[in-house]
Amino acid sequence: MHIHILGICGTFMGSLAQLAKAAGHEVSGCDANVYPPMSTQLENAGIELTEGYGTEQLDPPPDLVVIGNALSRGNPVVEYVLDNGIPYTSGPQWLGDFFLRDRWVLAVAGTHGKTTTSSMLAWILEYAGMQPGFLIGGVPNNFGVSARLGGSPFFVVEADEYDSAFFDKRSKFVHYRPRTAILNNLEFDHADIFPNLKAIQTQFHHFVRTIPGHGLIVAPFADANLQEVLAMGCWTEYQPLGRASSWEAHAQEDDSSVYSVSFQGHQRGIVSWDQTGEHNMYNGLAAIAAARHVGVTPEVACEALSEFQGVKRRMEQIA
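For the sequence shown, numbering that gives the first Met the number 0 gives the first residue as 0, with consecutive numbering after it.
Take the hints with a grain of salt, since some may be wrong.
[Unchecked claim] Only pairs whose alpha carbons sit at most 30 Å apart, straight line, appear in this in silico DSS-like list of lysine-lysine: (1) Lys168 with Lys20; (2) Lys20 with Lys311; (3) Lys168 with Lys197.
[Claimed, not checked] Each pair of labels, with its calculated beta carbon distance range: (4) Asp82 with Glu236: 47 to 53 Å; (5) Pro86 with Met231: 33 to 39 Å; (6) Asp191 with Ala223: 30 to 36 Å.
If you're looking for bench data, these hints aren't it; they were derived computationally from the structure. Glycine is no exception: its CB is placed at the ideal position from the N, C-alpha and C atoms.
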């Protein structure tokens with residue numbers, strides 16, 4: 000299948016293009032500006048890039064056009080797709096339909112920490128020998144790439160609440176159908192598309208409704224906004240972070256570079272890493288809890304995080 004991606008140099012769409020290429024599709028794409036580092040990754044993967052939105056790139060027409068959420072009506076190539084009846088879809092829908100449908104999806108959602116926590120979770124599964132697939136909005140240093148198909152049923156995805164496309168204003172994450180979900184935190188964000196916090200909470204409620212009863216939700220007990228979301232309806236096991244009856248983390252150093260992990264009142268391991276900050280400690284705790292749902296013991300997960308190398312451009316030491 001020949002797939003042409005509009006807005007291909009964005010982190011999400013570029014990663015999706017690399018997954019499509021790895022799956023054996025012919026992939027091309029365009030963007031307003033084609034620039035490194037994504038253009039370099041795509042060219043190295045053998046993906047043809049076009050700068051600009053000229054309609055000649057769709058002659059002959061591809062089998063499918065994947066339209067990024069940065070494009071809207073009035074864009075010449077979008078209008079050409081619509082006028083000529085070329086099949087099209089959004090990036091999140093295509094990811095859900097073609098890559099995630101038969102996978103055990105572990106999704107990481109929340110206002111902050113999605114990229115880092117997704118990277119931690121993917122690394123824990125990799126360390127445990129599970130060879131997960133993943134699509135992350137950054138480049139984990141343990142992998143060196145932002146996306147891969149993987150070699151097992153497990154797939155880690157960074158689950159964004161931003162809208163899917165000009166023709167689908169639902170949040171991206173409603174397309175992913177996870178079995179395991181981390182809800183890191185929730186604050187008002189994306190004021191360009193959400194009028195208030197309640198509108199975002201509604202989207203998170205829709206996300207929660209997609210998680211099966213035999214699945215798992217991991218979320219901080221102290222986040223009042225997320226607790227309101229869960230109170231709107233939750234049909235899935237919920238394991239809170241920060242409660243003695245469930246998951247707890249206790250810093251052993253002032254900068255949280257060493258911390259203990261407890262589950263149901265029993266210490267299960269120590270993480271000693273070069274990451275710092277209480278927020279990263281709790282990101283790590285969430286990843287450990289989610290990994291346990293797919294069979295990784297907290298002890299092994301703690302070992303894995305002690306070898307976690309961080310994410311490019313996320314608290315990265317440069318000097």
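Against the structure, the hints:
no.: 1; hint: Lys168 with Lys20; in the structure: holds, 27 Å
no.: 2; hint: Lys20 with Lys311; in the structure: holds, 23 Å
no.: 3; hint: Lys168 with Lys197; in the structure: holds, 16 Å
no.: 4; hint: Asp82 with Glu236: 47 to 53 Å; in the structure: holds, 48 Å
no.: 5; hint: Pro86 with Met231: 33 to 39 Å; in the structure: holds, 36 Å
no.: 6; hint: Asp191 with Ala223: 30 to 36 Å; in the structure: violated, 25 Å
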